[in-house]
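Enquirer: So the protein lines, in turn, are chains A and B. The first sequence begins at 4 in the working numbering and counts up by one. The second sequence begins at 24 in the working numbering and counts up by one.
There's no promise every hint is true.
[Claimed, not checked] Computed footprint of chain B on chain A, listed as stretches where at least three residues anywhere in the stretch have a Cβ under 8 Å from a Cβ of chain B: (1) 99-109; (2) 115-127.
[What the hints assert, rightly or not] Derived DMTMM-like pairs (lysine to aspartate or glutamate); straight-line CA-CA distance at most 25 Å: (3) B/Lys50 with A/Glu131; (4) B/Lys46 with A/Glu126; (5) B/Lys50 with A/Asp162; (6) A/Lys101 with B/Asp274; (7) B/Lys50 with A/Asp165; (8) A/Lys208 with A/Glu190; (9) A/Lys101 with B/Asp26; (10) A/Lys24 with A/Asp162; (11) A/Lys24 with B/Asp274; (12) B/Lys46 with A/Asp165; (13) A/Lys207 with A/Asp162; (14) B/Lys46 with A/Asp162; (15) A/Lys207 with A/Glu152; (16) B/Lys46 with A/Asp202; (17) A/Lys101 with A/Asp25; (18) A/Lys24 with A/Glu256; (19) A/Lys24 with A/Glu131; (20) A/Lys230 with A/Glu215; (21) A/Lys101 with B/Glu29; (22) A/Lys145 with B/Asp26; (23) A/Lys150 with A/Glu108; (24) A/Lys208 with A/Glu244; (25) B/Lys46 with A/Asp124; (26) A/Lys112 with B/Asp274; (27) B/Lys50 with A/Asp124; (28) A/Lys112 with A/Glu196; (29) A/Lys208 with A/Asp255; (30) A/Lys145 with A/Asp162; (31) A/Lys207 with A/Glu244; (32) A/Lys112 with A/Glu190; (33) A/Lys112 with B/Asp26; (34) A/Lys112 with B/Glu29; (35) A/Lys112 with A/Asp25; (36) A/Lys145 with B/Asp44; (37) B/Lys50 with A/Glu126; (38) A/Lys18 with A/Asp251; (39) A/Lys230 with A/Glu203; (40) A/Lys145 with B/Glu29.
These are computed hints drawn from the structure, not numbers from a lab. Predicted, not measured: the structure shown is a model, and the values here were computed from it. Ideal Cβ placement from N, Cα and C applies to all residues, glycine included.
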Amino acid sequence: MSVCDMNESQLIESKPIVELKDACIHFAIFEPGARSFRKKMIQVATGGHLTQANTGHVVVQALSHVSFQFHAGERVAIVGHNGAGKSTLLSVLARIYKPASGTAEIIGKVTSLMNITLGTDVESTGRENILLRGAFLGIPRKVLIEKMEEIIEFTDLGDFIDLPLRTYSTGMNMRLAFAVATLLRPEILLMDEWLSVGDEAFRKKAEKRIEEMLETTKLLVIATHSKDLVERRCTRVIWLEHGHVKMDGPPDEVVPHYFGK
Amino acid sequence: MADIVETQRRFRLVHILGWQDLKARYKRSLLGPFWLTLSTGVLIASIVLILGTSMRIPMVDYLPYLTIGYIVFNTLTSVITESCQAFISSASMIRQVPVPLFVYIERVVWKNLIKLGHDIVLVPVAFLIVSRPVNLHALYFVPGFLLFLLNVTWVGLLLGVLSTRYRDLPMTVASILPIFFYLTPILWMPESVPGELALRLLEFNPFYHMISLVRAPLMGDIPSYHTWIFCGIAALIGWGVALLVYARSRDRVVFWL
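This is chain A alone, in the form it adopts within the complex (with noise of 0.2 Å):
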């Protein structure tokens, strides 16, 4: 099913699969004093009415009333600045940031491909690295077993699989990471940049992957910087400029003002 025909699809399944209505993320810098028992039992003996200002803490306005819908069938892009708030607005969509005020409303599976070596223990085996990170994402340990050997293959790794992870390469532990987190087909998937892992060969296996993996997903949201990403892949863009939500548009109308001509 090619991008158009879902776009039609999505005329008809017009109820949002992702919802942000005035969503506020904000981070407080609590100075080490303000973390302490010392600052609040002071403040409780002096009658808790030492004043903003001593107890006060830098807040940092991650994202700033953020409203947006996604449907099924979109390829979002984010861009914008660092710092702009891109990471921390697919951390919500991944549901690991609850807004603060506002909602956000994430239906269906959520796939995250930001971080994919995270949790992996390096003297534990490829083997059982495959299972930890799968109990990490919430595949069932049969699924696992079953597709264990598919896995490895993938990978490429050979009898490398049965060595701790300590012994491998950085590309050889991307590949690992690769193989398990794309296992799942969700029904959204985030990605921090268009992922590239490994050598020339393995690069292709793992484009043809993603590829598989945009075919049944419902939705794409990628945080990049890459015009070419942009035009190529996406069919709206959001510019996120300090948190708030500076442009929201078709790729057409952002992508000159963004990047320039």
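Let chain A serve as the given structure and place chain B on it in line with the hints.
Expert: For chain B alone, coordinates are given in the frame of chain A:
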């Protein structure tokens, strides 16, 4: 509440992580986690050698008493200190993978249960050495241990959340716990202490009750009514408070890391 149910569904993850924590320290060593058993055993043996003779308590009582008390206290304090770091030390995972936070608490509890499983081997050994019989009251161990677990878990949950927000709490806890090693009858027995007052105060020592819950049945006694009531009420109130705090701060914890 739903998080706790969800955690049970994801028990496989808890299990793997718990094991991994334990194995990490003993990887590539010959005895593996049984180093734990060995070092605990050596420690208990030396305490017995030094104190056992001067205590004027028959060895048939003292050795099993000390062994169980020491192991259980160890489990209790490990869970408490480690759960203070439960979220902090898993910060990068919490920030990346949406997994119920309770998983990280249960990971600490589970890890220490596995550790206890290794240490507990010493208990039958101690009983055999002094050839002490076990009577039917040992069956009270089952409800006693369950209540013990119930209490340990809410303490872990509460401390885990609060420690993430107030970073001085782990240190506070770590400095208080060792005091209880001496305040709690582990090396000594309540019976051998002169004076009413000390015994009265003992009734307010949660560590005493928690250990009695597990130790008394194995020593052939039934834990006292006081102990059951104390621990039962602690579990009820504790879980209430812990769940309340957890529910209120669950979504905020990730921002405090």
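Enquirer: Please go over all the hints and tell whether each is borne out by the structure.
Expert: Now for the hints, and whether the structure bears them out:
1. Counting residues of the segment 99-109 of chain A whose beta carbon lies closer than 8 Å to any beta carbon of chain B gives 3, which meets the minimum of three for the stated coverage.
2. Only residues whose beta carbon comes within less than 8 Å of a beta carbon in chain B count, and the segment 115-127 of chain A has 8; three or more means the coverage holds.
3. Distance restraint check for B/Lys50 and A/Glu131: the Cα-Cα separation of roughly 14 Å lies within the 25 Å cut-off, and the hinted pair is therefore satisfied.
4. Proposed proximity of B/Lys46 and A/Glu126 is supported: the alpha carbons are some 9 Å apart, at most 25 Å.
5. Between the alpha carbons of B/Lys50 and A/Asp162 the distance comes to roughly 21 Å, so the proposed pair stays at or under 25 Å and holds.
6. Between the alpha carbons of A/Lys101 and B/Asp274 the distance comes to roughly 6 Å, so the proposed pair stays at or under 25 Å and holds.
7. The hinted pair formed by B/Lys50 and A/Asp165 meets the criterion: a straight-line CA distance of about 15 Å does not exceed 25 Å.
8. Under the criterion of a C-alpha separation no larger than 25 Å, the hint pairing A/Lys208 with A/Glu190 is consistent with the structure, at around 22 Å.
9. Proximity of A/Lys101 to B/Asp26 is assessed by CA-CA distance (about 15 Å); at most 25 Å being required, the pair is judged to hold.
10. Distance restraint check for A/Lys24 and A/Asp162: the Cα-Cα separation of roughly 50 Å exceeds the 25 Å cut-off, and the hinted pair is therefore not satisfied.
11. Proposed proximity of A/Lys24 and B/Asp274 is supported: the alpha carbons are some 17 Å apart, at most 25 Å.
12. Taken as a hint, the B/Lys46 and A/Asp165 pair is honoured in the structure, with Cα atoms around 17 Å apart against an allowance of 25 Å.
13. Taking the CA atoms of A/Lys207 and A/Asp162, the gap is near 22 Å; set against the 25 Å cutoff, the hint holds.
14. Of the supplied pair hints, the one linking B/Lys46 and A/Asp162 holds, its CA atoms being roughly 23 Å apart against a limit of 25 Å.
15. Of the supplied pair hints, the one linking A/Lys207 and A/Glu152 holds, its CA atoms being roughly 20 Å apart against a limit of 25 Å.
16. Of the supplied pair hints, the one linking B/Lys46 and A/Asp202 is violated, its CA atoms being roughly 33 Å apart against a limit of 25 Å.
17. Of the supplied pair hints, the one linking A/Lys101 and A/Asp25 holds, its CA atoms being roughly 12 Å apart against a limit of 25 Å.
18. Of the pairs offered as hints, the one joining A/Lys24 and A/Glu256 holds, with about 23 Å between alpha carbons and a cut-off of 25 Å not exceeded.
19. Proximity of A/Lys24 to A/Glu131 is assessed by CA-CA distance (about 41 Å); at most 25 Å being required, the pair is judged violated.
20. Distance hint between A/Lys230 and A/Glu215 is fulfilled; the C-alpha atoms sit about 23 Å from each other, no more than 25 Å.
21. Our distance criterion of 25 Å between C-alpha atoms is met by A/Lys101 and B/Glu29, whose separation comes to about 18 Å.
22. Using a Cα cut-off of 25 Å, the hinted pair A/Lys145 and B/Asp26 holds, with the two alpha carbons roughly 23 Å apart.
23. Distance hint between A/Lys150 and A/Glu108 is unfulfilled; the C-alpha atoms sit about 32 Å from each other, more than 25 Å.
24. Proposed proximity of A/Lys208 and A/Glu244 is contradicted: the alpha carbons are some 35 Å apart, above 25 Å.
25. The suggested pairing of B/Lys46 with A/Asp124 holds, with an alpha-carbon distance near 11 Å, which does not exceed 25 Å.
26. Between A/Lys112 and B/Asp274, the direct Cα distance comes to roughly 19 Å. Compliance with the 25 Å bound is thereby established for this hinted pair.
27. With a C-alpha separation of about 12 Å, the suggested pair B/Lys50 and A/Asp124 falls inside the 25 Å cut-off, and the hint holds.
28. At roughly 20 Å between alpha-carbon atoms, A/Lys112 and A/Glu196 fall within 25 Å of each other, so this suggested pair holds.
29. With a C-alpha separation of about 30 Å, the suggested pair A/Lys208 and A/Asp255 falls outside the 25 Å cut-off, and the hint is violated.
30. Taking the CA atoms of A/Lys145 and A/Asp162, the gap is about 23 Å. The hint holds against a cut of 25 Å.
31. Between the alpha carbons of A/Lys207 and A/Glu244 the distance comes to roughly 34 Å, so the proposed pair goes past 25 Å and is violated.
32. A distance of roughly 5 Å separates the Cα atoms of A/Lys112 and A/Glu190; the hinted pair therefore holds under the 25 Å criterion.
33. A distance of roughly 17 Å separates the Cα atoms of A/Lys112 and B/Asp26; the hinted pair therefore holds under the 25 Å criterion.
34. Among the hinted pairs, A/Lys112 with B/Glu29 is consistent with the structure: their alpha-carbon atoms are about 16 Å apart, no more than 25 Å.
35. For the given pair, A/Lys112 sits about 23 Å from A/Asp25 by alpha-carbon distance, which is consistent with the 25 Å threshold.
36. Under the criterion of a C-alpha separation no larger than 25 Å, the hint pairing A/Lys145 with B/Asp44 is consistent with the structure, at around 23 Å.
37. A C-alpha spacing of about 7 Å is found between B/Lys50 and A/Glu126, which places the hinted pair at or below 25 Å, so the restraint holds.
38. Pair hint A/Lys18 plus A/Asp251 holds up; C-alpha atoms about 19 Å apart against a cutoff of 25 Å.
39. Proximity of A/Lys230 to A/Glu203 is assessed by CA-CA distance (about 23 Å); at most 25 Å being required, the pair is judged to hold.
40. Restraint check: the Cα-Cα separation between A/Lys145 and B/Glu29 comes to about 18 Å, which is no more than 25 Å; the hinted pair holds.
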